[in-house]
Amino acid sequence: MRSHLLNDTTAEHYRRSVTEGVERVAARLAATDRPFTGVTVDALAPLIERIDLDEPLHDTSAVLDELEDVYLRDAVYFHHPRYLAHLNCPVVIPAVLGEAVLSAVNSSLDTWDQSAGGTLIERRLVDWTTGRIGLGPAADGVFTSGGSQSNLQALLLAREEAKTDSLAKLRVFASEVSHFSVKKSAKLLGLGQDAVVSIPVDHDKRMQTVALARELERCRAAGLVPMAVVATAGTTDFGSIDPLPEIAELCSQFSTWMHVDAAYGCGLLASVKYRDRIDGIERADSVTVDYHKSFFQPVSSSALLVRDAATLRHATYHAEYLNPRRMVAERIPNQVDKSLQTTRRFDALKLWMTLRTMGADGIGALFDEVCDLAVEGWHLLAADPRFDVVVQPSLSTLVFRYIPRSVTDPAEIDRANLYARKALFASGDAVVAGTKVNDRHYLKFTLLNPETTPADMAAVLDLIAGHAEQYLGESLDRAS
Numbered sequence: 246m247r248s249h250l251l252n253d254t255t256a257e258h259y260r261r262s263v264t265e266g267v268e269r270v271a272a273r274l275a276a277t278d279r280p281f282t283g284v285t286v287d288a289l290a291p292l293i294e295r296i297d298l299d300e301p302l303h304d305t306s307a308v309l310d311e312l313e314d315v316y317l318r319d320a321v322y323f324h325h326p327r328y329l330a331h332l333n334c335p336v337v338i339p340a341v342l343g344e345a346v347l348s349a350v351n352s353s354l355d356t357w358d359q360s361a362g363g364t365l366i367e368r369r370l371v372d373w374t375t376g377r378i379g380l381g382p383a384a385d386g387v388f389t390s391g392g393s394q395s396n397l398q399a400l401l402l403a404r405e406e407a408k409t410d411s412l413a414k415l416r417v418f419a420s421e422v423s424h425f426s427v428k429k430s431a432k433l434l435g436l437g438q439d440a441v442v443s444i445p446v447d448h449d450k451r452m453q454t455v456a457l458a459r460e461l462e463r464c465r466a467a468g469l470v471p472m473a474v475v476a477t478a479g480t481t482d483f484g485s486i487d488p489l490p491e492i493a494e495l496c497s498q499f500s501t502w503m504h505v506d507a508a509y510g511c512g513l514l515a516s517v518k519y520r521d522r523i524d525g526i527e528r529a530d531s532v533t534v535d536y537h538k539s540f541f542q543p544v545s546s547s548a549l550l551v552r553d554a555a556t557l558r559h560a561t562y563h564a565e566y567l568n569p570r571r572m573v574a575e576r577i578p579n580q581v582d583k584s585l586q587t588t589r590r591f592d593a594l595k596l597w598m599t600l601r602t603m604g605a606d607g608i609g610a611l612f613d614e615v616c617d618l619a620v621e622g623w624h625l626l627a628a629d630p631r632f633d634v635v636v637q638p639s640l641s642t643l644v645f646r647y648i649p650r651s652v653t654d655p656a657e658i659d660r661a662n663l664y665a666r667k668a669l670f671a672s673g674d675a676v677v678a679g680t681k682v683n684d685r686h687y688l689k690f691t692l693l694n695p696e697t698t699p700a701d702m703a704a705v706l707d708l709i710a711g712h713a714e715q716y717l718g719e720s721l722d723r724a725s
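Residue numbers (my numbering): 246 to 725.
Treat the hints as calculated values from the structure; they're not laboratory data.
Since this is a predicted model, take the numbers as computed values, not measurements.
Wrong hints could be hidden among the right ones.
[What the hints assert, rightly or not] Taking lysine-lysine and the DSBU-like style, the derived pairs with C-alpha atoms no more than 30 Å apart in a straight line are: (1) 408 - 432; (2) 429 - 414; (3) 414 - 432; (4) 429 - 408; (5) 429 - 681; (6) 429 - 667; (7) 428 - 667; (8) 428 - 414; (9) 667 - 681; (10) 681 - 428; (11) 432 - 681; (12) 408 - 428.
Please work from the sequences and hints to get the whole structure.
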């Protein structure tokens, strides 16, 4: 069994195995003509369940053959231009190369003596990102597993900085379309059920700052503590960007921590055309970025950035076997001192490889393309009488719903849209997302692939309309 350990004696075995795996994936990518096969749970589950994990195949080629049947053939392929569903981006080749390197070397980014150069590369990328944001010379941060973890850590820091003996008095303010992780984080941090105050949004799905000011005043008058305001730069459903400068002013006025959840909108940090859409982000106390959403990185690649490095002390614990206190005086850089995680992958390497190959402008140009594509999609939907589109895009998301001519019952229209999404997924021809707006069911294009074209969007809209019309026709037949 030692022949399977990666070391100096098995380097050739490693090379052959990885090469064969890469060739299999490359062949599958080249042959993929739709984002999904349409396989069902009932069809795929038995194939996986009958594999005896206690009976190994002993040969990587045989394992790859099996993997073709249980995974590669039926995977949902985000690189396909008609995958239009969630915040999943196609990935750039330099980042995939970085993934291969970091997996093989297997550095753990918790301590210097496990990572050395990896620690310094991550720190350099943190500095690069805080510089792009404009957080100032005292800024710092750490890579995380994703936006939910980044938001959790940001609110942990805000809770500690609020300096109150009563958690029940703390309040967090976020828009009604903010990410669910805000409420989840509040629960994990021991805050009350009513700790998160939902602020209404305007027609463009941006936080209403007049309503925020009113709630902050009410909080203070009631003897409560405004712990944090979470502004969103790219909401999951709409891609909307809250009015950051106005929110910053209110946070300053009420001495409240300002966190910006830019998990989606962080691509604007590299944008050549649209950077000004997140003006005001430089005034945040903390910022969440997900490079694996809009920097075209493989999952996972995310970070939490803070204006004041000293606030990261709230996540610091010292263990003699890992990061004893004396290391601080010795200026030994241990990233675990800043992180909620201990063992942690060298995910920063993927972004490093990307920047060193493509440059920030290269990444930004790709993100600008999908933002431009969303504008074209909005015009397409606005001109099509079959669809109702909710808001003009700030980033690259379009929320819309099929509206039949002959049916006016909102519940029946809901069912037609739900059916259309399900039928489209089952066909494998395209994948779209869904959400609710004013308690009605809508569909969603999340455009993160520069290879997607207006013709792709038009074709998918025709498919959606066809499935919805089929459902409504069958529904009328059943009713007659």
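Taking the hints in turn, this is what the structure says about them:
{"no.": "1", "hint": "408 - 432", "in the structure": "18 Å, holds"}
{"no.": "2", "hint": "429 - 414", "in the structure": "18 Å, holds"}
{"no.": "3", "hint": "414 - 432", "in the structure": "14 Å, holds"}
{"no.": "4", "hint": "429 - 408", "in the structure": "21 Å, holds"}
{"no.": "5", "hint": "429 - 681", "in the structure": "20 Å, holds"}
{"no.": "6", "hint": "429 - 667", "in the structure": "28 Å, holds"}
{"no.": "7", "hint": "428 - 667", "in the structure": "29 Å, holds"}
{"no.": "8", "hint": "428 - 414", "in the structure": "16 Å, holds"}
{"no.": "9", "hint": "667 - 681", "in the structure": "15 Å, holds"}
{"no.": "10", "hint": "681 - 428", "in the structure": "18 Å, holds"}
{"no.": "11", "hint": "432 - 681", "in the structure": "24 Å, holds"}
{"no.": "12", "hint": "408 - 428", "in the structure": "20 Å, holds"}
Violated hints: none; the structure is consistent with every hint.
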